[in-house]
Amino acid sequence: MKVLVTVKESADIADDFAVDDDGIDETYVEYDLNEWDDYAVETGVQLAEAGIADEVVGVTIGPERADETIRKALAKGVDRAVRVWDDALAGQDLLDVSTKAHLLAAVAEDEDADLVLSGVQASDDSFGATGVALAERLGYEWAAVVSDLDVNADAGEARVNRELEGGLQERLTVDLPAVFTIQTGINEPRYASLRGIRQAQSKEIAPKTPTDIGVET
Amino acid sequence: MLDYLGLGDDLTEEERMVRDTAREFLDEEIRPDIGEHFVEGTFPIEKIPEMGELGFYGPNLEGYGSLGLGERAYGLLMEELEACDSGMRSMASVQGALVMYPIHAYGNEEQKETWLPKLGSGEAVGCFGLTEPNHGSNPSEMETRAERDGDEYILNGNKTWITNSPIADVAVVWARDVSSEDSPVRGFLVETERDGVSTNEIKEKLSLRASITGGIALSDARIPAENVLPEVSGMKGPLSCLTQARYGIAWGAVGAAKDAFEQAVEYATDREQFGKPIAGFQMQQEKIAEMATRISLAELLAHRLAELKERGDLRPQQVSMAKRNNVRMARRVSRTAREMLGGNGITTDYSPMRHLANIETVYTYEGTHDIHSLVLGEDLTGIAAYK
Amino acid sequence: MSDGDVLAVTEHRQGELRDVSLELASAGRALADATGGDLHVAVVSGDVDAYADELSVDGVDAVHTVAAGDEFNHDVYVAAVEALVNDLAPTQLLLPNSVDGMDYAPAVAESLDRPVVTDAVEVDVTDDGLAVHREMYGSKVETVISIADGPFAVTVRPGEFEPASGTSDPEVVAHDLNLDLDALGSTVEGYEAVDTGDVDITEADFLISIGRGIEEEENLELIEDLADATGGTISASRPIVDNGWLEKGRQVGQSGKTVTPTVYLAIGISGAVQHVAGMKNADMIIAINTDPNAPIFDISDYGIVGDLFEVVPALTEQFD
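Residue numbers (this note's numbering), protein chains in the order written: chain A, 1 to 217; chain B, 1 to 387; chain C, 1 to 320.
Any given hint might turn out to be false.
Example chain C residues on the side facing chain A (calculated, C-beta under 8 Å, incomplete) [as the list claims (entries may be wrong)]:
1) V99
2) D103
3) P106
4) G190
Going by beta-carbon spacing under 8 Å, a handful of chain A positions derived as facing chain C [said to hold, decoys possible]:
5) I24
6) L95
7) D96
8) V97
9) E109
10) G128
11) A129
12) E136
13) R137
14) A143
15) R162
16) L164
17) G167
18) L168
19) D175
Hints listed in this document are in silico derivations from the structure and should not be mistaken for laboratory results.
None of the values given here were measured: they were computed from a predicted structure.
Glycine residues also receive a C-beta, built at the ideal position from the N, C-alpha and C atoms.
Sequences and hints are given; from them, build the entire structure.
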């Protein structure tokens with residue numbers, strides 16, 4: 001099966017930042033792979049290592065700068081990646097959930113992904129909505145806030161735990177194809193090894209515009 | 001860490017990623033306990049395989065499971081390791097530059113295939129036996145002997161100041177092959193479990209405490225003749241290894257100094273006396289300015305070395321210059337940083353004094369500071385002072 | 001139905017209406033007042049009639065019930081909410097930003113083609129439409145997102161709005177949902193409680209709670225010393241439990257326990273919303289953090305800006 005992992009470059013701000021009318025001064029901002037996505041990447045790579053996933057593809061929406069973030073996912077074992085961006089997207093302050101879901105859905109359809117993994121939320125904007133909106137857009141099944149995942153590709157289903165409030169877990173069976181939003185703590189994300197970093201340099205990050213994937217923005 | 005000249009901006013993405021992954025690993029897995037290891041005189045042995053999986057041993061070698069990583073990226077790795085502790089960098093230096101490198105450069109196909117993947121992954125640990133109790137700066141007078149006996153060599157002698165000898169699976173032992181004409185120095189791969197091979201640990205160190213140091217005693221140790229490194233004969237063998245290791249030291253010293261610097265600046269901007277942060281006093285500012293300048297110059301030297309090494313033009317004397325300068329720099333900077341921390345600076349809560357103590361070892365190992373002066377002196381005048 | 005109507009969708013679990021339901025009712029009432037509309041409240045699955053009684057609180061104009069299955073299932077919720085929205089055409093759709101809310105609200109919004117803003121901590125009606133306040137960067141920054149007039153969906157952070165109270169006599173409307181419950185793409189098999197160990201932090205009067213600031217496992221000793229000296233009980237924020245340094249039963253927050261001790265001492269905890277959700281109703285909150293901008297100080301009664309490695313031993317000494 002083919003697994004698509006959505007990754008996002010997430011901004012972190014220094015403790016003593018300053019805010020002006022334009023927002024937070026860039027000097028206080030650092031970008032890194034979103035913490036939740038790191039767990040989603042690990043989930044995808046472990047599926048590949050277990051022989052369940054044939055290919056793990058990363059997808060991000062972001063400017064060229066985001067290549068460095070997605071390269072980190074490639075170094076951890078994602079096979080190749082797609083990065084969607086154009087000037088129109090760059091002109092928007094905040095990408096709304098629906099736009100993100102449309103773009104990611106177009107990539108997922110393009111890739112014919114059987115399983116989409118995303119982080120529960122981004123550590124910067126904390127929207128926590130893209131994965132489920134994407135599932136709806138794709139007509140896939142889904143589960144949000146997944147803390148345990150056992151994919152049975154032959155049966156076309158997955159057994160998952162959702163982490164509810166108050167230390168309660170919900171056990172459920174979900175038909176594939178599906179989108180899962182992955183919660184931290186589901187696994188232990190690996191460090192990028194030097195071998196992985198070397199290999200990542202020759203892995204493809206395909207830049208695409210929304211038009212390329214058939215989305216009007 | 002300090003990057004006053006913006007050298008980080010000119011790194012390739014791959015180089016940055018190597019630096020960042022090393023930093024992340026060390027921050028999360030090693031730094032929290034390194035002070036305790038230093039106090040206890042232990043090395044985080046359980047992390048040796050994980051460091052191997054991450055590719056920290058000999059990544060700049062080609063083939064046999066190694067990665068062919070660029071020399072600058074390799075240097076940055078050494079910088080990060082030593083910013084954590086010299087013991088961490090020493091582990092990687094010995095494994096990569098002093099054990100894997102000679103097998104890679106001078107070993108036969110079978111030796112490479114047997115040892116390089118295992119050493120690279122950390123499944124096996126290696127050590128490097130050159131220095132002897134009575135022969136440090138002049139190793140060519142070594143007393144360790146190898147005598148041919150049929151299909152075997154019989155080794156006798158003592159080696160000391162050997163990083164990792166007590167935990168090593170294999171030692172690259174340099175000995176005089178007395179069965180050959182002129183008794184040339186040759187390299188022997190000695191498995192430490194062989195009869196006649198024993199290792200001891202040197203415990204009472206006041207420096208490089210988070211590192212395992214010992215000796216190797218060879219008493220009629222018999223090794224198969226095929227364990228000799230076939231492609232090198234003479235002092236060029238061990239000395240070429242040391243050039244590799246010193247290249248890593250030149251980078252590592254920058255890391256130790258930067259770490260000490262960062263702690264000193266953080267402390268000085270936080271610590272208030274006489275109603276303001278001590279960093280607001282001119283004497284502290286002069287120290288900070290001086291440290292940053294020295295670190296930046298040393299860093300430039302390391303980067304230049306990487307360029308020369310990458311294109312194959314690096315001369316051992318240039319490495320001597322960088323090792324000599326950068327270690328001296330790190331010694332001064334860590335001392336100044338310790339001083340700025342006052343009493344707090346003498347505890348394991350802060351890194352500068354640990355770096356300072358470590359650097360005392362680095363100052364005199366892999367060629368003492370003074371010997372490197374003589375190497376440069378000879379190179380610049382044509383007159384060898386030590387002959 | 002008039003323009004400006006609000007539909008708030010409540011939630012329940014294992015036979016109990018969850019707190020956020022009444023909070024949604026009060027948030028919805030405020031919005032309906034500002035726009036001159038009615039407040040409709042919906043409850044889906046379970047014993048809807050009993051829930052409808054509980055939801056007959058001040059300000060609720062109508063309760064809509066959809067009896068379908070027992071517990072939350074997102075396919076059921078999506079279908080039910082879509083049907084209700086199509087039926088009632090509310091301008092504003094309010095949903096909980098709970099774990100279950102996160103599991104269906106984005107799908108409903110996407111399917112209805114309504115813009116969605118999640119995790120609102122405050123919602124104001126302005127001349128231009130709606131101003132939704134939410135937090136970013138782990139609660140370090142509050143931002144306001146403006147949505148122009150028109151139908152939209154907002155999810156509301158649990159615990160941010162006063163729960164509605166009182167009683168009223170709203171119209172209760174039962175809706176049928178044409179959905180084959182056996183043909184859903186996801187099936188809830190059951191629940192399991194995470195092993196909580198032998199300590200019940202929800203019963204403790206004095207909780208000493210630690211977060212990322214503790215840096216490493218062995219530093220827990222400092223906290224244990226303080227707990228010994230004061231008789232306090234140790235709890236933690238999520239990262240500590242994720243690291244395996246303390247058992248899951250000691251986790252305070254959204255995915256852990258909700259606690260209401262007399263005193264809650266937060267040490268090295270930045271105060272991310274997920275944590276705050278579990279402890280903000282403590283009688284007294286005291287925080288120790290090096291970062292003066294840490295959001296934990298926003299809800300603390302007393303705050304110490306300082307290094308826990310200095311403050312905690314000093315505290316312990318005072319009690320010893």
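Each hint, compared with the structure:
no. : hint : in the structure
1   : V99  : holds, 5 Å
2   : D103 : holds, 4 Å
3   : P106 : holds, 4 Å
4   : G190 : holds, 5 Å
5   : I24  : holds, 7 Å
6   : L95  : violated, 12 Å
7   : D96  : holds, 6 Å
8   : V97  : holds, 5 Å
9   : E109 : violated, 15 Å
10  : G128 : holds, 5 Å
11  : A129 : holds, 4 Å
12  : E136 : holds, 4 Å
13  : R137 : holds, 6 Å
14  : A143 : holds, 7 Å
15  : R162 : holds, 7 Å
16  : L164 : holds, 5 Å
17  : G167 : holds, 4 Å
18  : L168 : holds, 6 Å
19  : D175 : holds, 4 Å
Checked against the numbered hints above, the structure breaks hints 6, 9 and satisfies the rest.
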